[in-house]
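Engineer: Protein chains in written order, with our numbering: chain A, 1 to 325; chain W, 1 to 265; chain Y, 1 to 169.
Just so you know, not all the hints are guaranteed correct.
Said to hold, decoys possible - One-sided and incomplete, this derived list gives chain W residues near chain A with beta-carbon spacing under 8 Å: (1) L160; (2) E166; (3) G240.
Treat the hints as calculated values from the structure; they're not laboratory data.
Please read these numbers as outputs of a predicted model, since none were measured by experiment.
Just so it is clear, CB atoms sit at the ideal spot from N, CA and C, and this is done for glycine as well.
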Amino acid sequence: MYAQMIKSESSNDDPQALAEFQARIDRGERIEPKEWMPEGYRKTLIRQIGQHAHSEIVGQLPEGNWITRAPTLERKQILLAKVQDEAGHGLYLYSACETLGVTRDELFEKLHSGAMKYSSIFNYPTLTWADMGAIGWLVDGAAIMNQVPLQRTSYGPYARAMVRICKEESFHQRQGYSIMMKMAQGTPAQKEMAQDALNRFWYPSLMMFGPSDAESVHSTQNMAWKIKINTNDELRQRFVNETVPQAEYLGLTVPDEHLRWNDDKQGYDFSEPDWDEFFEVLKGNGPCNEERLGARRKAWDDGQWFREGLSAYADKQAARRTAAE
Amino acid sequence: MALDGRDPVQIDDALRPALFDWLCRLGDNALILGHRTSEWCGHGPALEEDIALANTALDLIGHCQMWLGLAAEVEGQGRTADQLAYLRDAMAFRNVKLVELPNGDIGQTIMREFLFDAFHFELLTALSTSPNTRVAEIAAKALKEVAYQLDRASDLVVRLGDGTEESHARMQAALDHLWPYTGEMFTADAVDTAMTEAGIAPDLSDLHTRWTATVKDILDEATLTLPERRFDVHTGGKQGRHTEHLGYLLAEMQFLQRAYPGAEW
Amino acid sequence: MVTASTDQIWEWLAEVPDPEIPVVSVTELGIIRDVRWDDDTLRVAVTPTYSGCPATAVIDMMVEDKLREKGIEKLALERRLSPPWTTDWITDSARDKLRAYGIAPPVNGTASDGRMSRAARLAGSNLTIECPRCGSTHTDKVSQFGSTPCKAAYVCRDCLEPFDYFKCH
Ligand SMILES: [Fe+2]
Ligand SMILES: [Fe+2]
Ligand SMILES: [Fe+2]
Ligand SMILES: [Zn+2]
Numbered sequence: 001m002y003a004q005m006i007k008s009e010s011s012n013d014d015p016q017a018l019a020e021f022q023a024r025i026d027r028g029e030r031i032e033p034k035e036w037m038p039e040g041y042r043k044t045l046i047r048q049i050g051q052h053a054h055s056e057i058v059g060q061l062p063e064g065n066w067i068t069r070a071p072t073l074e075r076k077q078i079l080l081a082k083v084q085d086e087a088g089h090g091l092y093l094y095s096a097c098e099t100l101g102v103t104r105d106e107l108f109e110k111l112h113s114g115a116m117k118y119s120s121i122f123n124y125p126t127l128t129w130a131d132m133g134a135i136g137w138l139v140d141g142a143a144i145m146n147q148v149p150l151q152r153t154s155y156g157p158y159a160r161a162m163v164r165i166c167k168e169e170s171f172h173q174r175q176g177y178s179i180m181m182k183m184a185q186g187t188p189a190q191k192e193m194a195q196d197a198l199n200r201f202w203y204p205s206l207m208m209f210g211p212s213d214a215e216s217v218h219s220t221q222n223m224a225w226k227i228k229i230n231t232n233d234e235l236r237q238r239f240v241n242e243t244v245p246q247a248e249y250l251g252l253t254v255p256d257e258h259l260r261w262n263d264d265k266q267g268y269d270f271s272e273p274d275w276d277e278f279f280e281v282l283k284g285n286g287p288c289n290e291e292r293l294g295a296r297r298k299a300w301d302d303g304q305w306f307r308e309g310l311s312a313y314a315d316k317q318a319a320r321r322t323a324a325e
Numbered sequence: 001m002a003l004d005g006r007d008p009v010q011i012d013d014a015l016r017p018a019l020f021d022w023l024c025r026l027g028d029n030a031l032i033l034g035h036r037t038s039e040w041c042g043h044g045p046a047l048e049e050d051i052a053l054a055n056t057a058l059d060l061i062g063h064c065q066m067w068l069g070l071a072a073e074v075e076g077q078g079r080t081a082d083q084l085a086y087l088r089d090a091m092a093f094r095n096v097k098l099v100e101l102p103n104g105d106i107g108q109t110i111m112r113e114f115l116f117d118a119f120h121f122e123l124l125t126a127l128s129t130s131p132n133t134r135v136a137e138i139a140a141k142a143l144k145e146v147a148y149q150l151d152r153a154s155d156l157v158v159r160l161g162d163g164t165e166e167s168h169a170r171m172q173a174a175l176d177h178l179w180p181y182t183g184e185m186f187t188a189d190a191v192d193t194a195m196t197e198a199g200i201a202p203d204l205s206d207l208h209t210r211w212t213a214t215v216k217d218i219l220d221e222a223t224l225t226l227p228e229r230r231f232d233v234h235t236g237g238k239q240g241r242h243t244e245h246l247g248y249l250l251a252e253m254q255f256l257q258r259a260y261p262g263a264e265w
Numbered sequence: 001m002v003t004a005s006t007d008q009i010w011e012w013l014a015e016v017p018d019p020e021i022p023v024v025s026v027t028e029l030g031i032i033r034d035v036r037w038d039d040d041t042l043r044v045a046v047t048p049t050y051s052g053c054p055a056t057a058v059i060d061m062m063v064e065d066k067l068r069e070k071g072i073e074k075l076a077l078e079r080r081l082s083p084p085w086t087t088d089w090i091t092d093s094a095r096d097k098l099r100a101y102g103i104a105p106p107v108n109g110t111a112s113d114g115r116m117s118r119a120a121r122l123a124g125s126n127l128t129i130e131c132p133r134c135g136s137t138h139t140d141k142v143s144q145f146g147s148t149p150c151k152a153a154y155v156c157r158d159c160l161e162p163f164d165y166f167k168c169h
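Go ahead and model the full structure; you've got the sequences and the hints to work with.
Structural biologist: What follows is the structure, encoded as structure tokens:
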């Protein structure tokens, strides 16, 4: 889940209009950019889609870390294409955000200043090649779990972006799993790397869904607006149910001694991640927060002359065109 | 995927070593430039550039696979494209020095891409009608991607050269820095001459004429000045005499294959 | 042993979706170049879309799985590079499906030729891309590349929809 703990904004709109808006959503209608929407709905969406977009962009970094060291030409291609996809997802999502009346530059500004967040998962380091497998398998897997229901979200451009994004994410998950498979069936050293990657990424992946929000007022409002479709706990449970058999198939051990199948709920019982750690990571105290945000800020600052150059040229060309007419 | 089955050499068998060497030049240029380009992943000056640079790197790695795959077939020693990429040391690499230089700022990266693409485009255009059909079809395939890479790089050189004072100064500095490395692309040695005489490859001096026309044209539109110094100061890459930078690049690229010999990934 | 007609094989292959844009099949994209029997071996020639396309290996695997599932025993896949793939080979049916999926189909004859001129730069893009959602031609390019190499990102100035354009190649 790339959007964690999205607070809903309150709306001071006319109650009549609000009720009609809610009725449209309840009927399953899609809300389109030029239609009326409550201010709170608009702001909450910007926060959620923006955070999702930031996650795609920052998410280039942990995997980008291994592109130059990919072990075969084909793996290098697959990883490059995946990172390109993630940047492309960022582009879709920023564009979807722009339909709500905010610019991409404003969103970047908020990312760089720390006013907006990106998913906690990308603040963990990628230490071995097996992490490329673990990220595709677990992180893209968790993202899919969250994003598949969002294909039915009430906001049109977001829902349609999700449809295309989900197809590509499943492709990523498959490729990640194939890396894990090779490693798990490889030499003892490769298998050890694979197990170690699972050990390190398991709990951070569970954290991607955010802490339990069944009681949260924000969650209730966002669910009424169909910006959120399932509770965090539901999605986390689904993820565990789906992933544990995959780990078993790989011959790897999920690092949770309390993990067991529960026949009554037809799902696994499992240990909660360390939520203190999660909140520390959100606060900026994760292993890679400074590096990740620092890298994005540096890219932005170093690129300023480049962007200014392009826009100066565009202005000159516009003037030349006018002069030629 | 089954091997092609058609004869990859298609010329006098005595030319096999030269053909192998020459194919490695094509493959290594694509591999090393692709590697450098991929270093930008996630660090580009705008989201559009992150995407475009990843894409350019992807194309180049794809070209490298085709060329090194054919080189391995020509060599006939049972090596694969991966083995050529990951298990040769610096002195066996055959790329020009231009492509192994560190990226510098984004302006230098784009200027390098432009100078190389303008050569690459002419080379592949000529090779796409080579009588060696294996060479011709790889060239024709790669040419389609190199055509849009060249269009993109030229466009950026023009826009940044004719942008702000700062972008102009940076592009001029990039050009001045890279210029003495460009001559190597056109300096023919025994391998190039053998390929030209066998009718497989074009004459490098013809390519040079066409390259100069394109480069002059674009630099002029970009309001940049052609450097006066010699353009063939730094040569030797094609013969395996590289800059200090290549060793570090390979140490990084080949790390896993070297640390875990024989493992499958 | 199954010895189906090549027409039958083409129909089976039409069931194999493109892994990244699953609304269109590999045959509609024009990447299956040839299907023929060579004694009791079925030979299928596949061409890559882009040189660096990482979906190529996945497509080979999906083609193989499909044909095995249909009972083909002896199968040889060939990589065919020539003539290089072009978006002109995408069928009309696939173009409609792309549009319905939110991707504007390629405008034939507009591939880069490496010779973009000063005049063309001054004129700006003369390519008119229709918004796949509302049909408006009042659209702007946002990025030359999208999430996959084949696509560029556009936005519609009328309905505001961000959409992909499948570039001519
Ligand atoms: Fe993504
Ligand atoms: Fe992904
Ligand atoms: Fe992709
Ligand atoms: Zn529209």
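Engineer: Would you pick out the hints that fail for this structure and give their numbers low to high?
Structural biologist: Of the numbered hints, just 3 does not hold.
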